[in-house]
Amino acid sequence: MVEHGDVRVVHKGGSKINFREPALSTDSRFLLCASGESVKVFSTATEECLHALQGHTDLITGVLLRPSNHLQAYSCSLDGTVRLWDFTDGILIRTYSIGYPIYGIYASAKHEGVIFIITPMHTDTNSELFQLVAVHLPQCGEQLVEAKELSAVLSNISSNPAASAFGREGQYIVSAKPLQLEVYFFKKHKSYSFFLKKDNQKGGKNTFTCITCHPTEDCIASGHEDGKIRLWRNFNHRKEYTYSTLHWHHSAVSSLRFTPEGTNLLSGGVESVLVQWRYNQESQRDFLPRLGGAITHISVSPDGALFCTSHSDNKITIIQSCVKVSAVIQGLVKGDRIRTDLMIEPRSKALVLNGKPGHLQFYSLQRDKLLYNLDIVQQEYIHESGLEQFEVVMAAFDASGSWLATVEERKQKAPELELNLKLWAFDDQKQSFVLNTTISAPHEGRITALCFPHVSDGQTTMLVSTSRDGHFKAWQLAAPAHTEDEGPSWSCDFLGAYHSLVPECCCFSADSSLLAVGFQEVVTVWTPASWELLTTLSQPPGAVRDLCFGRLSCSKYLLGATTSRLLCCWNLLTCSLEWVTSMDVSLLLADPLSENMAAFCFEAGSTDLFVFKPGEPRPLFSHKALCSGRVTHAVFVPREVMLESCDEASQWLNCSHLYFLTQSMDLLTFITKAEEDKLTASSKQLVVSDDVAMTPFHLLLGKHRDQLENPQAESRLSVEPIRQPSSSAGINELLQMPAHVLPSASFLCSMFVQSLLISVNKPSEQNKEKEEEMESEKEEEDSDGEMESRISRPEHMPSGESGCAAPALTKEEVRELRRLKKLDHSWMKGLLD
Amino acid sequence: MASYKPTNIPVYPKLGEKVTEETLYWKNYKTPIQIKEFGAVSNIHFSPVTPYNFAVTAFTRIHLYGLLSQEPVKTFTRFKDTAYCGRFRSDGQLLVAGCEDSVVRLFDVSGKVALRMFKGHTKAVHVTDFTSDRYQILTGSDDYTCCLWDIPNSAQLNTYQEHTDYIRCGVTSQLNRDLFVTGSYDHSLKVFDARVDKSVMTINHGHPVESLLLYPSEGLLVSAGGRYVRVWDLLKGGQPLVSLKNHHKTVTCLALSSNGQRLLSGSLDRHVKVYNTTSYKVVHNFDYPAAILSLALAPEDESIVVGMTNSILSIKHRKPSEEAKETAGHQRRRPSYRVYAHRKSYVPKQDDYLVSKPVRQHLAKYDKQLKKFNVSKALDTALETWIRGRKPEITVAVIRELDRRGTLKNALAGRDEQELSRLLSFLIANLVDARFAPVLITAAEMILDIYQSIIGQSPVVDKQLLHLQSLLERELDYQKDLLEVLGMLDTMFASSLPKIELPCSGISTSNGLPQGQSTDVIFPYNKMQSRVFE
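Going down the list, the sequences are from chains Y and A.
Numbering (our numbering) for the first sequence: 1 to 833.
Numbering (our numbering) for the second sequence: 1001 to 1534.
By construction, these hints were calculated from the structure, which means they are not laboratory data.
Some hints could be false.
To be verified - Taking lysine-lysine pairs in the DSS-like style, the calculated list, with each CA pair at most 30 Å apart, reads:
#1 A/1480 <-> Y/411
#2 Y/205 <-> Y/110
#3 A/1371 <-> Y/324
#4 A/1005 <-> Y/228
#5 Y/324 <-> A/1273
#6 Y/411 <-> A/1391
#7 Y/324 <-> A/1357
#8 Y/228 <-> A/1036
#9 Y/205 <-> A/1372
#10 Y/16 <-> A/1273
#11 Y/411 <-> A/1368
#12 Y/411 <-> A/1357
#13 Y/430 <-> A/1368
#14 Y/411 <-> A/1014
#15 Y/177 <-> Y/188
#16 Y/556 <-> Y/16
#17 Y/228 <-> Y/239
#18 A/1273 <-> A/1014
On a predicted model such as this, the values are computed, not experimentally measured, just so you know.
My request is simple: use the sequences and hints to build the entire structure.
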């Protein structure tokens, strides 16, 4: 066994962004959403992720704007802490330690200094009972505060944060239990329960699913399992409460929200239609259909300008108040629907897997961003549970990325199986895949494997599919016909079978001169040139589950994993078994750029990874107990820059990354120590320059400011004859930026010239003026309270500097520095009160 | 927000022959003009000069037809017995013909009486032709001899007695006045040179030779006999170039299309085949009502004239070219087009702010109804007479879409007698279509489920159900027969394939159809039938 030393398994991107309701900032510019262990701040205009607020050590369960300061936000997590963030700058302000796992968070403007959280009733066990607890947040300046003043408000509530809501002006809090509504009045310190009327309880699907309160009137809206929405009124009296019913949704209402003025009520559910009801004129409705997956959360910005809906397909849609979609933030779609293998699109190196129903998603691993979705099924998706839909079950790319083959199927039962094999050609003009051929019912049984030959130079013109009907078929790209103006299309070239056994897997050799098809216990080797059966290899007992040819110098080896827990390696030159080892291989794959092969083995409830070369008896790398459960999806991703690690244990990662999906659908990868160091270094750099929104201006001005920020370095640089580094990056930025987003040339010119100047002691006259202008503007904005600190600071700052034997600062620099300090610490004010 | 995705109407591959440039070219002929002659049309020959009249030899007459006339412009009747092989001279002034009575007659095209009579053969003369110097005539006869005659003094110049059977075809070289080729029923072709007194080349065709053809370059010789058309390379000493066997009866006549790119052969099997002369593949096929004896093409392929054993002469003229038609149509349309061209041709200036109108998605009526979940109405629309009759694939696609949505039952239910009978008539028309069967069988089962209770209430519906039942019975019989044929074919293939050492059962299929499709279809029919009986 080889030590796995410095190679580590890490999570890689694609965390859920639809887990909890996102929060929109007051000015509707930012969207905050919980994403795994960090809070992501997105720009609503550009859909870009601006910051990831990192600090929590467990799943984040809620994000909420601070009612008293609209630039700050709370987040709560299962790690038992509530953190306060400045989300515009991405800074952690304070951490409140509660000590219990938190499942939800509420706050109201009326209850200052108090937040309400959902925690389990019994801390030790995994109980299903939760309570709403009021937490008085202590006021002190420290970073880490322990909040001890807890008082229970409501007990036995649901852990779903959508099932509780604050009422008008924070006077009461409502919580929905399965069949009743509980309202707690803060004035009376009393809670009332309300039930549905007896005749409405019939049918049993009256369970409350979500709740929201009208912002200005005493009205509670509740959503129900059967798709009804009920508006409750007059609940100040215990007995005389009334409710009215609205019905449009055909299945459960998953989210409800009033607009800030209370003029409209928004509702959403499985149908993926956002319904806007006029308050008091409920017959008037607006609809926004076909938003994607089922709507899970709706949130509304405090100014009412934007709505956003979270969807089950890991997507957030930002909608303008005129019911028009303005932006879509799409995360990596994961879930039990993933039936295709993980694949790499050879052109963009994007990860490809099932996405939205009937789509393939192309996900950039480098940028952790969804590139696009490709509609495979091309049919209207009907949002109805229990309906059998077409699903993309298989996909394959050819080596050059010019062809994509997909298989979609509907109905699992054999006699009614509907199968389509589709072939997509890459269109250079559209930069996307375009449907070339649809083959309906390519096989009579389900397709078990699909593969293209590996030829990377010439055009691929062949595809092999194996099916449960006992045949494998070779499809050929037919030459274009004489007159038909359509291009070439695919048709069946060869139908092969072997003793009416069921083929399970197929694989082309590295030079595509051989095709291996595994017919249960027998591996057959065919030559695609003439479709002759060359030889059969068999290894009793147990059916062959996975086949893989070696690459490069090991291309003479064929590896097969059998169901009888064996991994066999045949030598194709001698047609004999080279070696056998006993392991339960769940997945076998070859690195396209090296001889290495990876085998994921299932052993005692967890998966082990072995990386080996077929020709060598010793594995290169092994990792025991990678994760629990079987690994069935994995892929080698070619690196953009080859690593040159000589360390034996990490050498196999030199050419490619290895990504894999665990049974719990986490995307994991391996990372070497050297890479990790590089990553952390780069992330630190980012933190420094992250305090201003990333605009083209910032990219130029930020550089400029960096120079001023550490005058020491500045002065040191000034000694050196040629000062290139910082300015060259700026020039690059300037050159790469599209011209229309740049400020006017006259403005840039001075800055650009200045960045090239060697001396900083004599900034140009023009620049000085500019800075003075900026200075005066800033001063006007500043509050008087800050004045004191502003004066005091320059006094001790230069004194500290002088100790370091640095040259004396110019006046401009001191002023600039002062301005900077003031800017950075503006959030201090928020802390002090 | 994604837009509504309309119902996917699958495009089914067109069965039958593929449309190629060739087929378009050869199909571009008008319906044939048929003229009844007095007997089997044994020879057709086009005059090499304008107005390209053609001589049709049938029974005891030779008719001259103009290219566009349906009546003969001239008739030569002075034959005592059946005439053979009426041919024009290269200047179109003289015509020569053989006869059953062994006399060869030479006519002036404008006159009626024979100018010369060449007597010397002892049996019927089937072959006559002018040599390229225009002063001599080649004849071939059933007395196994062929002769050269001088026209001015009607003297016999030379006689060749090399063939051992009837001479039934011959052709003179157009480049050399001394060369000619004859073909005989003794299976041989002989190339003669008038300067020597015997044949210079003998080629064995292998079957009685019925027709001969020289390429314009005269490097290649085509012979037809038996079921074979063979091409010989004369420059390589009569080496066989290619042998074509595309007819299933004797090939009787050959012709070249005007540019020499295509070879046509007519046969007793009533087909005319067109070959590409570079690949020698059949590119087109004409069907005729009777066995073909003679074939000729007008210059520029303007018309195809075919003579048959049932004494019918069939003339096909080429349709006028598309371009002429198009220019005429274009001119007519122009004025109205101009009115609208103004707006479309407006080019936005640089500073213009373009307000783009959202493109409205056009949806078919059934799609609009499906979008609103009006399933019954969508099915009604899809069953409208026009769609049902002309584009059944649309109706089937809508039914499939309803099935996918799980609402097919709702859409089928609650119909009155008239609507139900419309549904049933659609099923009767399309149920046995292999492309639609999987979808329609599901629908038919649902209809039977829903309307089981009302069977016997309406005579119209009952009649249609009975019809459906008989249809299914017939289809089952077909399928059974087909399976039997399939089994027979399998055994034939298995025995004819060379034994391979390895146990392999790979069968190559050139078409994309899965082999076992018929078996796939038969089971649901079986089930259906048992249900109908209930």
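For each hint, the structure was consulted:
no. : hint              : result
1   : A/1480 <-> Y/411  : holds, 28 Å
2   : Y/205 <-> Y/110   : violated, 36 Å
3   : A/1371 <-> Y/324  : holds, 19 Å
4   : A/1005 <-> Y/228  : holds, 28 Å
5   : Y/324 <-> A/1273  : violated, 65 Å
6   : Y/411 <-> A/1391  : holds, 27 Å
7   : Y/324 <-> A/1357  : holds, 15 Å
8   : Y/228 <-> A/1036  : violated, 84 Å
9   : Y/205 <-> A/1372  : holds, 26 Å
10  : Y/16 <-> A/1273   : violated, 68 Å
11  : Y/411 <-> A/1368  : holds, 26 Å
12  : Y/411 <-> A/1357  : violated, 41 Å
13  : Y/430 <-> A/1368  : holds, 29 Å
14  : Y/411 <-> A/1014  : holds, 28 Å
15  : Y/177 <-> Y/188   : holds, 21 Å
16  : Y/556 <-> Y/16    : violated, 43 Å
17  : Y/228 <-> Y/239   : holds, 23 Å
18  : A/1273 <-> A/1014 : holds, 23 Å
The structure shown violates the earlier hints numbered 2, 5, 8, 10, 12, 16.
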